[in-house]
Amino acid sequence: MSDAKDAILRRIRDAEAQAAAAPEGRVARSYRTSTESTAGQRRELLIDRLLDYRAMVREATPTELPATIAAVLSEAGATRVRYAPGLDAALLARFDGEALPDDPSSDPRLLDRVDAVVTDSHVTAAATGTICLQAGPTNGRRALTLVPDCHVCLVRDESVVYGVPEMVARLDPLLPVTMVSGPSATSDIELSRVEGVHGPRRLIVILVHPGPPEATPG
Amino acid sequence: MSTFLGMPGHLRGVESFPRAAHRGLTNATQRHNLTHATTTIRDKRAAVVAELDDWQELRAAGSAIKRDVLARLPELLEQFEAAVTARGGIVHWARDAAEAGAIVTDLIRATGETEVLKVKSMATQEIALNEQLAAAGIHAQETDLAELIIQLGHDTPSHILVPAIHRNRAEIRDIFLAGMPGVDPDLSTEPADLAEASRVFLRTQFLRTRVAISGCNFGIAETGTVSVVESEGNGRMCVTLPQTLITVMGIEKLLPTYRDLEVFLQLLPRSSTGERMNPYTSLWTGVTPDDGPQEFHIVLLDNGRTRALADSVGREALKCIRCSACLNVCPVYERAGGHAYGSTYPGPIGAILTPQLTGFESADDPNGSLPFASSLCGRCNEVCPVEIPITDILLELRHRKVTEYPPVPEATMMQTLTQLWSHPRLWNAAAGMVALGRVLGGRDHTITSVPGFLGGWTSVRDVAVPPKQTFRQWFAGSEAQHLLTAARRGAEGEA
Amino acid sequence: MRVGLFATCIGDVMFPDAVKATALVISRLGHEVVFPTEQSCCGQMHVNTGYQREAVPLVRTYTDAFADPALDCVVIPSGSCTAAVREHHVRLAERYGDPALADGARRVSTKSYDLAEFLIDLAGVEDVGAFFPHRVTYHASCHSLRFLRVGDRPYRLLQAVADIDLVPLPNREECCGFGGTFSLKNAETSAAMVADKARHVSETAAEYVTAGDASCLMNIGGALARQRAGVRALHLAEILASTRAHPWSPTSAAYTKEFML
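Top to bottom, those sequences are chains A, B and C.
Numbering-wise (this note's numbering), the first sequence opens with residue 229 and increments by one.
Numbering-wise (this note's numbering), the second sequence opens with residue 320 and increments by one.
Numbering-wise (this note's numbering), the third sequence opens with residue 115 and increments by one.
Treat the hints as calculated values from the structure; they're not laboratory data.
A quick note: this is a predicted structure, and the numbers were derived from the prediction, not measured.
We treat Cβ as the ideally placed atom computed from N, Cα and C, and that holds for glycine.
It is possible that part of the hints are untrue.
[Claimed, not checked] No farther apart than 27 Å at their CA atoms in a straight line, the calculated lysine-lysine pairs in the BS3-like style are these:
1) Lys638(B) with Lys363(B)
2) Lys233(A) with Lys638(B)
3) Lys787(B) with Lys371(C)
[Claimed, not checked] Pairwise CB distance ranges (calculated):
4) Arg116(C) with Gly253(A): 41 to 49 Å
5) Ala455(B) with Ala248(A): 36 to 44 Å
6) Leu755(B) with Arg209(C): 34 to 42 Å
7) Thr430(B) with Arg341(A): 21 to 29 Å
8) Thr735(B) with Arg209(C): 20 to 28 Å
The following block holds chain A by itself, in its conformation from the complex:
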């Protein structure tokens, strides 16, 4: 085993000597690493991107949130629901069906029997409509947001950043991260986009912000 490692490292050093390539030096990062924007602008941009991916979008204030969650779950026809174990159980209080916290030690395959799942999210890039789920109590383990067919995802105002650089800066490299930009999709057949393959076919995003909810889009 270490034979192969030694051989490869030796080949690389020989190749370097042969190519006589100069070291690259410092990488110039002259691209945008941050963009000035207001929370309202980011929210508007994010909604535009999410709708473009054909996700469903709702808006709610923290006080309206339990009612909004209950409403989207019943609209989705869900009766059996799991939620990230670190999520406040009161958020699911208005839902009529079965809502239980996910048990991370259970077989993730059992989640196939669940209709919908509710989780929080860690950070979201408005410019690309990308929501990051960072594995843990409020975002759930990775399987939780993957196996059930409907994912209700909370995106809180303070977690929405403008672009990809600001988003990556907020991630913990040691935790598993899933970046979600709309529902699962494929363009493998004649380049025509089809939403919904193996991941959740329905992505319902609830934007949680303090302001009065505007007309609900989508």
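Given chain A, put chains B and C in place with the hints provided.
Just chains B and C now, kept in the frame of chain A:
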């Protein structure tokens, strides 16, 4: 594609590009599908790239980061290995396709499983991993929709991003009906219905299978993080649900820091699918308790990469992030199709990467024809997100080919022309004799057929007979002197 | 200005009318045209086919022919030959030549310009006083577009031509399929490319397709002639040299014309 000299792999076809291209050029369905698909994706890419006012800066940074990786490979690989190991992953090293295949086979055998799932991966395709596993009695089930179409149709991929790009919906429906167990016999040709059929077919396998194999888009040296960038969710299934995950990664796939993802997660999706972001990107670091596979192996693959690294010009091809933008703008790829390249890597990037990974084995090596499979139009250079100078590398590989294996009689002709063109008196005399070629033309002064290697030219084009007088003869004559002097005088008169 | 004219090997022996027209357009602007007879070929075909060492004597020939410091610039009626001079000459001289040649190549290649670049950037004109009352479409050759980055310069020159009916070419950024020896080594793929290019040209219903490169025009024009498409290929310089006093026609121009397809 074949096994060559005993080494498993899909890096060398059995015939030269012009011969293989003949089939693609005459396949009307494929031509139509490719034109439609590449035109669509070109337009999508152009639209999302135009949204970013710092696109060129991102490209420059992407190129610089990848150059830095190539310049510091040993250090970064060891850093990566240490980070993965510290987080509970196990790192393996493979010099070539056979060694990588043996490592993966042994790992699977140790689990006792004979069925494994696969995420679409260029590296595993390159080393013919499925075939190597099949020989060991292990079935590797492809889970990406396009790879599934290829696998069920006993076909080979023809595009990096959209491996079944050469197939249309009717063909895919027929492939599913013939090869997918339990499929609805009334399956329609609607892409949504075809995607649903694959969802149903694969769902039980995702929930049942205990070992998965993936490739890797970016490996982070600093943290040991590994990533899979995808659209369908089959990648998430494979890297999350099984007990054991085996990732195969080319040694050039590293990025120095986690922060570097901020560049590549902008460059890759926009260049590749023409989206602002792909639906899913999975990032994981070693093993996480109670989340995902509890056994994680990563195989670091050389398989010719160090050979490419040794070329000061050609090594730039190792910056490639497999976006396939160069394929989608290439007029040669669009017409000949991906199979003509005989390799896992088709299109412009394939024409420069494949021969560098394999070298030229002989004068007739099919890979020796790849650097010539380009009109050097340069569109690939412009769209490459990491600024690979593709046409420069094509020229370098052409140079290497004719130096290692001088073609007869071409090399002699080129030397003769050099003699002629570097001796002005000879050329003066010869240029005057070109008019003798007028005998080739008929009464209409048009040449419609010439023999030998020029015959390909006149098969679809007419050529005018050479002029009676060359420019240099005209310029030395009185007409030129009168005309040009009068013209200049006219201008001065006006002034 | 004293302008060195590089006819290019293909222009000199196969398409002299395009070079005559170039010389005439430059002269009409009041510049002196110098044609060093020691010139031959830029070496593009050698480099593009892999023969880098064999191209070095051609770099030397070109550099020597135009070394005279009294020449303000060199004008080349070909985008691809200009690109070969500017992109390859110094690199070839450094790799397989000698430092003196590299120095010389650096001096000469940096003062080498494509015709459209010369007219707009050096001579400072868009309207060269041309007259061409025909329907024309313009093919931006790959080397002009992507290597020299001449941008819209040729188009601006054409737009200034009196009475021209200039129509855009669909898929204008796509290669015509010539590619030098590519058209011989991959003749079938090249044929498929030029067939599409010819189709797009025909779609414009133009009488003439023009470009700044004789080799692309030989390819496109050859295919159009074989198809009896009724569209002819004509070098940009020939349109710019056509005036009300001496209008261009298939059989006559200000200069004695050769046979055209």
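Results of checking the hints against the structure:
no.: 1; hint: Lys638(B) with Lys363(B); in the structure: holds (23 Å)
no.: 2; hint: Lys233(A) with Lys638(B); in the structure: holds (22 Å)
no.: 3; hint: Lys787(B) with Lys371(C); in the structure: holds (10 Å)
no.: 4; hint: Arg116(C) with Gly253(A): 41 to 49 Å; in the structure: holds (44 Å)
no.: 5; hint: Ala455(B) with Ala248(A): 36 to 44 Å; in the structure: holds (42 Å)
no.: 6; hint: Leu755(B) with Arg209(C): 34 to 42 Å; in the structure: holds (37 Å)
no.: 7; hint: Thr430(B) with Arg341(A): 21 to 29 Å; in the structure: holds (26 Å)
no.: 8; hint: Thr735(B) with Arg209(C): 20 to 28 Å; in the structure: holds (22 Å)
Going through the hint list in order, the structure satisfies each hint without exception.
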